[in-house]
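Asks: The lines below spell out each chain.
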Amino acid sequence: MSQDSAATAPGRTGTRRERPVGRKTAGSRWGRFLEGGLLQGGVQGSPVLRLLLRWVRRPLLPVMRLWRRNIQLRVVVSTLVMSLGVVLLLGFVVIGQVRNGLLDAKVKASQSQATGGFAAAKQRADESAAGSADDGAAADERSRQNVIQWMSDTVSSLSSGGQGAFEVVTLPASVGSETGGRGRRASGGVDPTASVPEALRERIDGTTGVFQSYTRIVYQPSAHKESQPGLVIGKQVSDPNGDLYQLYYLFPLTQEEKSLSLVKTTLATAGLFVVVLLGAIAWLVVRQVVTPVRMAAGIAERLSAGRLQERMKVTGEDDIARLGEAFNKMAQNLQVKIQQLEDLSRMQRRFVSDVSHELRTPLTTVRMAADVIHEAREDFDPVTARSAELLADQLDRFESLLADLLEISRFDAGAAALEAEPIDLREVVRRVVSGAEPLAERKGTRIRVAGDQQPVVAEADARRVERVLRNLVVNAVEHGEGRDVVVKLAAAGGAVAVAVRDYGVGLKPGEATRVFSRFWRADPARARTTGGTGLGLSIALEDARLHGGWLQAWGEPGGGSQFRLTLPRTADEPLRGSPIPLEPKDSRRNRGLDDAGLPSGGKSATVPAQPQGEQGPLRPVRDPIGPRQSAAPKADPTALPGNGARVVPRPASGTRRLEDTIGEQPGERAVPGEGAGKAEEPDKQGETTRGR
Amino acid sequence: MSFMKGRVLVVDDDTALAEMLGIVLRGEGFEPSFVADGDKALAAFRETKPDLVLLDLMLPGRDGIEVCRLIRAESGVPIVMLTAKSDTVDVVVGLESGADDYIVKPFKPKELVARIRARLRRSEEPAPEQLAIGDLVIDVAGHSVKRDGQSIALTPLEFDLLVALARKPWQVFTREVLLEQVWGYRHAADTRLVNVHVQRLRSKVEKDPERPEIVVTVRGVGYKAGPS
Chain L
29 MSQDSAATAP GRTGTRRERP VGRKTAGSRW GRFLEGGLLQ GGVQGSPVLR
79 LLLRWVRRPL LPVMRLWRRN IQLRVVVSTL VMSLGVVLLL GFVVIGQVRN
129 GLLDAKVKAS QSQATGGFAA AKQRADESAA GSADDGAAAD ERSRQNVIQW
179 MSDTVSSLSS GGQGAFEVVT LPASVGSETG GRGRRASGGV DPTASVPEAL
229 RERIDGTTGV FQSYTRIVYQ PSAHKESQPG LVIGKQVSDP NGDLYQLYYL
279 FPLTQEEKSL SLVKTTLATA GLFVVVLLGA IAWLVVRQVV TPVRMAAGIA
329 ERLSAGRLQE RMKVTGEDDI ARLGEAFNKM AQNLQVKIQQ LEDLSRMQRR
379 FVSDVSHELR TPLTTVRMAA DVIHEAREDF DPVTARSAEL LADQLDRFES
429 LLADLLEISR FDAGAAALEA EPIDLREVVR RVVSGAEPLA ERKGTRIRVA
479 GDQQPVVAEA DARRVERVLR NLVVNAVEHG EGRDVVVKLA AAGGAVAVAV
529 RDYGVGLKPG EATRVFSRFW RADPARARTT GGTGLGLSIA LEDARLHGGW
579 LQAWGEPGGG SQFRLTLPRT ADEPLRGSPI PLEPKDSRRN RGLDDAGLPS
629 GGKSATVPAQ PQGEQGPLRP VRDPIGPRQS AAPKADPTAL PGNGARVVPR
679 PASGTRRLED TIGEQPGERA VPGEGAGKAE EPDKQGETTR GR
Chain D
6 MSFMKGRVLV VDDDTALAEM LGIVLRGEGF EPSFVADGDK ALAAFRETKP
56 DLVLLDLMLP GRDGIEVCRL IRAESGVPIV MLTAKSDTVD VVVGLESGAD
106 DYIVKPFKPK ELVARIRARL RRSEEPAPEQ LAIGDLVIDV AGHSVKRDGQ
156 SIALTPLEFD LLVALARKPW QVFTREVLLE QVWGYRHAAD TRLVNVHVQR
206 LRSKVEKDPE RPEIVVTVRG VGYKAGPS
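Each protein sequence line maps, in turn, to chains L and D. Numbered according to my numbering, the first sequence spans residues 29 to 720. Numbered according to my numbering, the second sequence spans residues 6 to 233.
Calculated from the structure, these hints are not laboratory results. Accuracy of the hints is not assured; some may be wrong.
Within a straight-line C-alpha distance of at most 20 Å, the following computed SDA-like cross-link-like pairs (lysine to any residue) qualify [stated by the list, open to error]:
hint	chain 1	residue 1	chain 2	residue 2
1	L	150	L	183
2	D	113	L	404
3	D	115	L	428
4	D	115	L	450
5	D	113	L	150
6	D	115	L	419
7	D	113	L	183
8	D	113	L	450
9	D	113	L	430
10	D	229	L	430
11	D	115	D	27
12	D	113	L	387
Some chain D residues near chain L, calculated using beta-carbon distances under 10 Å [claimed, not checked]:
hint	residue
13	63
14	67
15	95
16	179
Rough simulated footprint, nothing fancy, chain D against chain L, three-plus residues with beta-carbon under 8 Å [said to hold, decoys possible]:
hint	stretch
17	121-132
18	312-320
19	387-395
Backbone N, C-alpha and C define an ideal beta-carbon position, used for all residues, glycine too.
Please construct the entire structure, taking both the sequences and the accompanying hints into account.
Replies: Encoded structure:
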């Protein structure tokens, strides 16, 4: 057992350190104790035992709950327990003292009484011996008769002086030898052998000393007396014939016992009163402290529920009053600050709204004027005509920039509201794709849609989702370098996702998170050729967050990129994963290729050779992998053959585990290489761009 | 397009914008008239009897919403709101107060003209046609809707909406399709237009607008005509 408890000790100290939060902890502690200690031989986990434990524990639960939640109860109970301990200790000490005092006095008195008695017995023996010394052998028989008589006389004469204060017993000298007149005799109906302890008899045997012992005085049945505690003092003395016998004085201690029990009763009564009173006092004292604390807790709860005008009542100048004052001051400051923030937010919103109106009205006039001029540019000279064109173009840009700025400031002010209703994302994607067709045609890009066989319905704000997807698709077309853009839809496990994949320049390591920064541009040198405002992805991210969704980016240099929007299926459901893996199946790593397009060690055997299996029916016109392989080494200097360095940014590593379990569509198999890849994944949780 | 039906009342306090609107409208063959004050808007409306009202929402005196409500109270003439705020509340309040359509500043002249034309287009004479939807009888040429001989007053837009639904009672119309057919939008725009006007239409033609029988919602898709 000690070995067992030593084995479980670390675990149990662990549980002791933490605050007991419920029956679970208690249960586990019990369970561990039982498993580790008592029941190591196979009973652990027995359902019967668990049932029994639960059955025992259930009625205790409300009590334990009360114990945990009520400090007053705890203080009162611990006060009771501790004062009970003190009173018990005190009682034992006092009773011990009293008993010692009582007995000491009694023992001394008894000893002097007994000594006197022994002397008297000796004297009587000497006198009788002198009286019959001259008799011959005939007298011997007579004297034996006389000794029997003498003994009886001695006992009665010795005990006659006691008046019930003591009894006298004689026993033969050696245990078991009952010869002659030296038999057992006792005064007052005392049972001689039962009342004198055997040990005392043996001690006296053969010595001349006086010995004493505590005993119970037992009476003969004929005496009709209860046995009582007593002190026995004994000595070996000789009878008139010079034979030894044992003489005992028995002193009853009934009186002392009565006194002691009186003291005990008194002490117990007093102790009980003290304990109860202490408990009551503790209850009252704790109440004084706990009541304001409870009040503060209640008011704090109401404050946090938004009733900022709640305050504590403060009376007096004690610590509780100081607590109340400090509390009220805190509440006051909170109220002021919250008020300020609310005012600020309201002002900001007003400001945005006003700026919006004040800017837009003149802008409308300018816009219309510019358009009228632009329409008439054929009549102008070339310089003026070109100026009119520039004016109209830049007004477009100015307009979209203004719109984006206002939109983002609306997000910043917390004024953006979600109008969620069930929408089919396929519809949205269809609209977005058809809207992006003209641009795609100019760029020579084909936009393909995958995963639109089934409805992909989610509670979302169609306007915002469309804005996000338009942004992603237009970005993909613009940065796709004329290669295909794939828009993939999927729904699984309480989430829907749309991923937009392009095979363009891709993203450098670390850029996958920075693309969402305001006014961020991938390459400052080649910026400004496309008409974006630099706020599109920031707004898209805010839109995703407003839905409680994620917007994440993945990319590899020269290997294209994938942007994935994940939305919860219903507005109030938290996201746990995405139906589409962030890193597409046809990424270099998932195809088992290193950055130079060569098979990387160990993986090639397990990875399917055709990564685009799920896109089978779409039959891509042009294999997007072809041109990229030759371009890759140029784009990424670290991607030389034999260079094991991974430069693929993986911003959403935290979500991958879930994706692998819930995210796979029928027909798709988890790529076995992923498991191996996970180990070398840097932990980039901090960089994830998901929404709240 | 007949120029007879081209009177446009511009209610806007920004004189530069109003002047610019005038230039554009005249260039497109409309006859614009102007009023800058919300309080005078109703008087000007009665005086000019326009075929369409362009109404800025932010006006001195009575605001645009109020003006819109007053005009709608006495006429079904198409009203197009000009608004700087595309936020939900402003637009929805404007539409609920009776505007047929809205256009967000800054807008392109072509966009504005297209909207105005779309609102005026339906004035071309339709062929005589009788339609039934629910327990309503629609006389398309006579522009009247009757239930048990009692005629129900609808604005032209609401009438168009009802006729569009009644012509193909077997078809479920998505909001986008309705936007295209009734409002004349090429590309999908704000579907709140449809929602608000369906509500307005229901409040006039349904016996119990809470449980519509004539314009039925098909959840997740759109609207269709109720069984006749």
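Asks: Hint by hint, say whether it matches the structure.
Replies: For each hint, the structure was consulted:
no.: 1; hint: L:150 to L:183; result: holds (12 Å)
no.: 2; hint: D:113 to L:404; result: holds (15 Å)
no.: 3; hint: D:115 to L:428; result: holds (18 Å)
no.: 4; hint: D:115 to L:450; result: violated (34 Å)
no.: 5; hint: D:113 to L:150; result: violated (145 Å)
no.: 6; hint: D:115 to L:419; result: holds (17 Å)
no.: 7; hint: D:113 to L:183; result: violated (141 Å)
no.: 8; hint: D:113 to L:450; result: violated (33 Å)
no.: 9; hint: D:113 to L:430; result: holds (15 Å)
no.: 10; hint: D:229 to L:430; result: violated (39 Å)
no.: 11; hint: D:115 to D:27; result: holds (14 Å)
no.: 12; hint: D:113 to L:387; result: holds (16 Å)
no.: 13; hint: 63; result: holds (6 Å)
no.: 14; hint: 67; result: violated (17 Å)
no.: 15; hint: 95; result: holds (9 Å)
no.: 16; hint: 179; result: holds (8 Å)
no.: 17; hint: 121-132; result: violated (count 0)
no.: 18; hint: 312-320; result: violated (count 0)
no.: 19; hint: 387-395; result: holds (count 8)
Against the hints set out earlier in the document, violations occur for numbers 4, 5, 7, 8, 10, 14, 17 and 18.
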